[in-house]
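There are 2 protein chains.
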Amino acid sequence: MNYLPPKGTRDFYPEDMILREHIFTSWEQSCHTFGFEKYDAPVFEHLDLYTHKSGTEIEQQLYSFEDKGGRKLSLRPEMTPSVARMVAARGNSLAKPVKWYSIPKLFRYEKMQKGRLREFFQLNMDIIGIAELTADAELIAATIDTMKRLGLDSQDFQIHISSRNLLEEYLQNTGIPKKEHAEIYLLLDKMPKMAYNDFCELVHSTLSNQERAETLLHLLSAKTLEDIEKMAPDLSALSELKELFSYLSAMGVADYCSFDITIVRGLAYYTGIVFEVFDTRRSMRAIAGGGRYNRLIELYGGTPTPAVGFAMGDVVLSDLLREKGALPTEPAKCDVFVISVTKDISAAMSITARLRNARISTEFPLKMNAVGKQLKKAAASRCKIALLTGGEEEASGNYRIKIMQTGEEENIPMEQFKEALSARLENL
Amino acid sequence: MNYLPPKGTRDFYPEDMILREHIFTSWEQSCHTFGFEKYDAPVFEHLDLYTHKSGTEIEQQLYSFEDKGGRKLSLRPEMTPSVARMVAARGNSLAKPVKWYSIPKLFRYEKMQKGRLREFFQLNMDIIGIAELTADAELIAATIDTMKRLGLDSQDFQIHISSRNLLEEYLQNTGIPKKEHAEIYLLLDKMPKMAYNDFCELVHSTLSNQERAETLLHLLSAKTLEDIEKMAPDLSALSELKELFSYLSAMGVADYCSFDITIVRGLAYYTGIVFEVFDTRRSMRAIAGGGRYNRLIELYGGTPTPAVGFAMGDVVLSDLLREKGALPTEPAKCDVFVISVTKDISAAMSITARLRNARISTEFPLKMNAVGKQLKKAAASRCKIALLTGGEEEASGNYRIKIMQTGEEENIPMEQFKEALSARLENL
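Keeping their order, the protein sequence lines are chains A and C. First residue of the first sequence? That's 397 in the numbering used here, and the numbers climb one at a time after it. First residue of the second sequence? That's 397 in the numbering used here, and the numbers climb one at a time after it.
Treat the hints as calculated values from the structure; they're not laboratory data. Being a predicted model, the structure only gives us computed values, none of them experimental. Treat each hint with caution, since some may be false.
[As the list claims (entries may be wrong)] With a straight-line Cα cutoff of 25 Å, these simulated SDA-like cross-link-like pairs (lysine to any residue) come out:
#1 A/K501 with C/E424
#2 C/K464 with A/G511
#3 A/K434 with C/E515
#4 A/K434 with C/G547
#5 C/K763 with A/P700
#6 C/K464 with A/E453
#7 C/K449 with A/G511
#8 C/K575 with C/Y399
#9 A/K464 with C/E515
#10 A/K403 with C/E462
#11 C/K464 with A/Q456
#12 C/K403 with A/E515
#13 C/K619 with C/T667
#14 A/K638 with C/N765
#15 A/K468 with C/K464
#16 A/K403 with C/K468
#17 C/K492 with A/M800
#18 A/K434 with C/L821
#19 A/K586 with A/M800
#20 C/K763 with A/A650
#21 A/K763 with C/K449
#22 A/K464 with C/E424
#23 A/K464 with C/D407
#24 C/K434 with A/L415
#25 A/K403 with A/Q456
#26 A/K468 with C/R406
#27 C/K403 with C/V711
#28 C/K739 with A/S642
#29 A/K449 with C/Y399
#30 A/K501 with C/K464
#31 A/K403 with C/T667
#32 C/K729 with A/E528
#33 C/K464 with A/G451
#34 A/K507 with C/E462
#35 A/K449 with C/V711
#36 C/K798 with C/S746
Required output: the full structure, derived from the provided sequences and hints.
Structure representation (structure tokens):
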């Protein structure tokens, strides 16, 4: 028998949940601050939902299977097809703009590497029904907000932004036929990972026409939008990018954003602005990525609907937080631990119940021991206050309490012990 | 192409999330109040984790499959094997008592019926390492607390409690051989669903010995622990149950609890107290169920460790809340919606960003329109306050705001607009 979790998956013991909940809470808070609503979809979908979008070769990366009724299903490798399906199903009855988010568990049968697991979480945010670049800016600002909430700033990460249209327009204008574009997108993806000379060689050896290779390399030397303007001032994608950056300035997040022509996003379905989030040193995989996908809802039988979305995984993000030491502290497990001096478990239970009814998180020793042992259990359970019942203070109408952090002890009136505890807990 | 969610699964549109989040939040709050810590495990496990506990016939109900590496896996049909595996793996290094909870999505390939889906959620709470009945009482009290938080009371539901030992002892004492016990457990499960006379006939036709059938029926006529005491005062399981009920009284939840000899819980792994939660009219399936499983950790290679746990699904519970009309109201989607009188989108974006940085949930019209249309969008986005930028009030240093619920309008100072909005939001 194999008692380990399956390869590529994780057990989350309570101590592992602290970072996970910290990330999820930050994500949820950002989504709420930006006015996004939560949705969810099944963990498995019909297999053709994925092959319809990405081709049958995607199946190699899927946890696909047949159910007992012969249905071809797959664990979800990404959330976008489910969103697109759900939006398409509602059609025009869904008020636009749709601003939705979800934190799904996703599954990909991939080679295990640093930053990559077979089961992982992803924050997904999408704005559907808005063709304007305001939506792209809104999403990029939301991406930044989620990272800032986790204690990361522009010294830690950057949003790399480009447009699929920019590249496409430029290539078309310089006479590079459309059928060669996909090959060029693949090349670009390799550029940040290679020495520049090696990359130049690769471009020359990949493109048939050497003049075109030089033209492409010329474009790729652009580091800013100003560089692009000098090379090709008439590209409509250039004004698109300029508009986007002006919005990002208005939103006060320009420091976090830079133009990066190498960003193309592998997937074929992106139609406009694309962006990826990297740690500043670029020592890790992309932390998040997204862009515009104006044709996807249609692909799933919906009416043509503009859309833009992004996804941020938990694995690389966790690595970055660990590296920076931006980890949350272990929270108290409960507020009050009730101890019985006389070992009267019913009395401890009754007081515990009254505190819990007042919504004060409380525990009692499930197994009765001497007071010293009970106090040790109270400490082990990481409570803030220990309350002693059955002590001699009760004769004068008091409970003895101990503030665990300081060791300080005092009496509180039995009559208003809930109020007295609440008041003390507020300051702990 | 099939654009529907797979059979037995659900899409959760934002309006469907309201009830789900309401339930989850109540669950989480109860767990926190009772001092339980959250854990999680993979969505799929090695298939033998389930067959090891429940036999190979369980596979018919599983979403089992082989991954690309030939591993035999299954989507999790329940959480207990994962908990047991995780606890067993840590052994004595895990401080006891373990008080853990989780809200997993689970998967069972079953016939679709009211209250039963193929993909559903379950609250799981377990106390591990405590042989005392205090742990059983603690868990039952926690079950009740989760229901009370959702607005349900003893008029709506009851906890039906029994002990597997009670039945086993009694059957053994009356000479019914152990190999017939399983058959009797199956019978008991049918008792509440049948007319009494039909049930008596079934007992007689099932048991070989008619005298034993009568003895069994005699026991099953017991409605209270007092009845049992009259029939068989010496059963050790009787004093166990009496102790449990005294704890439940100390915890102030006796009103919610009743002895019910028909509760056996189908699964073979229960070893002591068992309980199920039903709506008072018993018009629905069990809302929750649990009990003691002192031998399971051992089964997964751990040291012998006492344990007690329960699980509550979201499907029947949601039905009950709907039936009672105890549903949450739709929350506001955001606090503030920023409108631009001059249609200056950058100004609206900039103010939105400042409010968001102050952690005020804010939206702006992603698509600029006339003021009337923007106000309509503000209403559609269910915001609490609309703030107008670019109005003539700005000349005198003010923003105009509109309280959406009342239609009331007023000016607030531009200099301290965040503070002024926060103050008003506190009362909305």
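Given pair status - A/E453, C/K464, alpha carbons within 25 Å: Since the Cα atoms of C/K464 and A/E453 sit roughly 14 Å apart, the hinted pair holds (cutoff 25 Å).
Hinted pair A/K403 and C/E462, Cα distance within 25 Å: 13 Å, holds
Satisfaction of hint between C/V711 and A/K449, Cα-Cα up to 25 Å: Violated, because 32 Å separates the two Cα atoms, which is more than 25 Å.
Pair hint C/K798 and C/S746, alpha-carbon separation not exceeding 25 Å: 19 Å, holds
Restraint check for A/K403 with C/T667, where alpha carbons must lie at most 25 Å apart: 33 Å, violated
Pairwise hint evaluation, C/E515 against A/K434, where the allowed Cα distance is 25 Å at most: Between A/K434 and C/E515 the Cα gap is close to 19 Å, so the pair holds against 25 Å.
Pairwise hint evaluation, A/S642 against C/K739, where the allowed Cα distance is 25 Å at most: Status holds; Cα separation ~16 Å.
Proposed proximity, C/Y399 with A/K449 (alpha carbon, max 25 Å): Holds. A/K449 to C/Y399 sits at ~13 Å (cutoff 25 Å).
Restraint check for A/K501 with C/K464, where alpha carbons must lie at most 25 Å apart: 19 Å, holds
Given pair status - A/Q456, C/K464, alpha carbons within 25 Å: Within the cut-off at roughly 8 Å; holds.
Straight-line alpha-carbon gap C/K763 to A/P700, limit 25 Å: Roughly 18 Å between the alpha carbons, so the hint for C/K763 and A/P700 holds.
Straight-line alpha-carbon gap A/K468 to C/R406, limit 25 Å: 17 Å, holds
The structure is inconsistent with the numbered hints 7, 8, 19, 21, 22, 31 and 35, although it conforms to all the rest.
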